[in-house]
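Produce the complete structure using the sequences and hints provided.
Quick note on this note's numbering: the sequence shown kicks off at -12 and runs consecutively.
One thing to keep in mind: the hints can contain errors.
For lysine-lysine, the following DSSO-like pairs were computed, each having C-alpha atoms within a straight-line distance of at most 27 Å [stated by the list, open to error]:
| no. | residue 1 | residue 2 |
| --- | --- | --- |
| 1 | Lys454 | Lys723 |
| 2 | Lys714 | Lys700 |
| 3 | Lys679 | Lys592 |
| 4 | Lys114 | Lys130 |
| 5 | Lys592 | Lys(-8) |
| 6 | Lys197 | Lys150 |
Estimated spans, in silico, between C-beta atoms of each pair [claimed, not checked]:
| no. | residue 1 | residue 2 | range |
| --- | --- | --- | --- |
| 7 | Ser732 | His551 | 29 to 35 Å |
| 8 | Glu310 | Gln128 | 56 to 62 Å |
| 9 | Glu373 | Lys228 | 46 to 52 Å |
| 10 | Gly605 | His759 | 27 to 33 Å |
| 11 | Glu491 | Ser576 | 18 to 24 Å |
| 12 | Asp744 | Asp555 | 51 to 57 Å |
| 13 | Arg(-7) | Lys559 | 18 to 24 Å |
| 14 | Gly550 | Gly590 | 46 to 52 Å |
In case anyone wonders, no lab produced these hints; they're calculated from the structure. Every residue, glycine too, gets a C-beta built ideally from N, C-alpha and C.
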Amino acid sequence: MVDDKRLTAVQLKCNCKPERFDFETTDELEPITGELIGQNRAVKAMDLGLKVEQEGYNIFISGIPGTGKTTYAKTLARGKSKDAEVPDDICYVYNFFDSEKPRALNLPSGQGANLQEDMDKLIEELKTEIPQVFAGEEYKQEKNEIMNEYRQKSNQIMEDFEKDVKERGFTLQNTGDNLVPVPLNEEEEPIEQNEFQQLDEEKRSNLREKSQQIQDEMEQVMRKINNLKSEAKKELKNKEKKIALSVIQPIIASLKDEYEDYPQVIEYLKEVQKDITENLDQFRNKQKDNTTPTISLTQMQKEDESFFTRYKVNLLVDNSNLEGAPVVYEPNPTYYNLFGKIEGKSQLGTITTDFTMIKKGAVHEANGGYLIVKAKDVLTNALAWETMKRILLNQEIVVENIGEQYRSMPITTLKPEAIPVDIKIIMIGNPYIYQLLYNYDEEFKKLFKVKADFDVQMERSEENMEKFASFISSISDSEDIRHFTVGAVSRIIEYSSRLTDDREKLSTQFNEILELLFEANAWAEMENDDEYINRNDVIKAIEEKEYRYNLTEEKIQEMIDRGHILVDVEDKEVGQINGLSVYQTGQYSFGRPTRITARTFLGQKGVVNIEREVDMSGKIHNKGVMILSGFLGGKYAQKQPLSLSASLTFEQNYGGIDGDSASCAELIALLSAIADIPVKQDLAITGSMNQKGMVQPIGGVNEKIEGFYKVCKLKGLTGSQGVVIPKQNEDNLMLKPEIVEAVSSGEFNIYSVEEIDEAIELMMGVEAEKVHSQVEEELKQMANKATEFVDKEDK
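The following block contains the structure:
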């Protein structure tokens, strides 16, 4: 029976023979470009997601890190974008009706930069032309005519008024601040104060009344003069506008002709022309008086530049260099990096801003195309996820600084016009994040209707191995490293299968493969003078990588070797068995044997899991122990109650334990303790079981076997040592060549079993029926003793 369960060396690893390939080195192969190997499901999903343009067909790429999700998303989106139209440029311009609400302009690709340049040229030209036209003789003459006419009319009004006042016995006397009516004496001289006081009361009263009347009339006269002045200014301003328009209109008219197909721009240019004519003084004051102090000139220049900012064009998105739709990957999707922001500058102790300080985000840049982001990064950045959903739902983006909508007291800031958004977002994350969003975010399933699932493995088919070799060739070309021999490729394929723990599969975690390629190249450069990377270089890279990470494993093996951790690999013991567990330290995992012991005694407590009692075991392990109890009840308590108290524990376990892969080991240790039949210590066992005694597959089978082999090698190989595994795990075997050789030479053994009885016979060296009979007999005796004890207590 033992020989029937022993695996041969051929069954321990699926070698990839170099002879199956029809090349000698990878530089003979055609490199793979743009093809995703072994991800047919994801490829179809991506193709659908990129093809459907309706709302909500954004894509969530789900898979573990290292499967090429990001690289493929970029490659596929860029390929799709080449056939798409180049989206419009996006500009922000000044709103002449409400300066706090900048206007958005969408222009065909390249026209945004043209408008920006044209507006800069326009203002610079007008800064020169307008002062010149107002410095001309024609303007001066027309200005003088208007002002002379005003002065003549105002002087005539004053002369007529003064004449009328004199006829009424008064004159107008200038006091410095204003004109005051003063009565005249008989000599037509202004009456002095003492002379006025000598007049009788009636005359004084009469003069006061006339003076007040003249004063009232004088106010009317001054209003007439002021009206004349206003009319003159108005006439002069109209004249100035007319003169300025003679310069402005032709220039702006040429711009209107250039942008006649864009109504938004035409409307904007009309507003610009109107604003310039209403602010001519800003243009006329360009020629400064040389006597003005330097500091004043500097301050005035700053004020001037601040004013002229309104005529600038903020080219938010320039697509002039694109060929097709944009593809943007945002590695740091913070709120501002995604949605833009409004910057400010410190000026005289306050923060000021204007529309030129509106900055774009990745959504603006990707508008009309594709945006690729990592789900975890979006979800962990404040407000990024909620804002992204709102943009997709509303199909528009508004630039606002973070927290504006949450301020308890509103502050004055810009409120730029919303920009329409037409974008497809490709979000990359792991399956756990996808499931969380799908279950707990109602809007997620409406917005991300396409899920592209990336598998971690693919079939180890002839076709896929050929593609794998071509992939290696592609990396050699793209990364400028040496090409690989066919033997090296074969070893890499074996390594890929080992990553999957499945001899029938290849890993699609291409980051792991890339690391091996780069490190093999490095070792080849250090130790190999050949032109190509050979099989030994790959083996060296694998061994050195393991050496870099296996310090913890070596320390544990040293402790076992020195007897600090108790593990027996010879003889037999009752109630003691070697279980196997896997430890993970970063990206390195390794197996090690663990002593499992069982003790039985009279009582009714059943099987006590010591780890559970002290909160050191996980739920799955607890379930495994309960399944074990179910097996005991079903097997031995059909005719009598199961009168048993037993304890199970993982000796020298101080860090907790989980998983059910020790179920078989725990049961055998327990049966050994009950029946007083010893268990072989030169064998270790791994495997879970169900209540009916069927052995079930487990994970980490390669690491577990290798871990026990290393301990046996440390203590000395005897030829009888080995590991018992579930039969279903045979397909997972991709063991190291050293162990395969040890099995081939008879120094080590690996057995596979389907039922717990087979495992019992291997581990105890006794037929299973004999073990069961002995267990039943012992349980019966324990039940009788318990009954006798109860009877004595009752008496």
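A quick look at each hint next to the structure:
Our distance criterion of 27 Å between C-alpha atoms is met by Lys454 and Lys723, whose separation comes to about 25 Å. At most 27 Å may separate the alpha-carbon atoms for a hinted pair to count; Lys714 and Lys700 meet this at roughly 25 Å. Between Lys679 and Lys592, the direct Cα distance comes to roughly 22 Å. Compliance with the 27 Å bound is thereby established for this hinted pair. Using a Cα cut-off of 27 Å, the hinted pair Lys114 and Lys130 holds, with the two alpha carbons roughly 21 Å apart.
Restraint check: the Cα-Cα separation between Lys592 and Lys(-8) comes to about 36 Å, which exceeds 27 Å; the hinted pair is violated. Under the criterion of a C-alpha separation no larger than 27 Å, the hint pairing Lys197 with Lys150 is consistent with the structure, at around 15 Å. At roughly 31 Å, the beta carbons of Ser732 and His551 sit within the given window of 29 to 35 Å. The beta-carbon spacing between Glu310 and Gln128, approximately 58 Å, falls within the hinted interval of 56 to 62 Å.
Roughly 50 Å separates the CB atoms of Glu373 and Lys228, a value that falls within the hinted 46 to 52 Å. Gly605 and His759 have their C-beta atoms about 30 Å apart, which keeps the hinted 27 to 33 Å range intact. Taking the beta carbon of each, Glu491 and Ser576 are about 21 Å apart, inside 18 to 24 Å as hinted. At about 24 Å, the beta-carbon gap between Asp744 and Asp555 misses the expected band of 51 to 57 Å.
Between Arg(-7) and Lys559, the C-beta spacing of about 19 Å keeps the proposed range 18 to 24 Å intact. In this structure, Gly550 and Gly590 break the distance hint of 46 to 52 Å, their C-beta atoms being roughly 33 Å apart.
The earlier numbered hints that this structure contradicts are 5, 12, 14.
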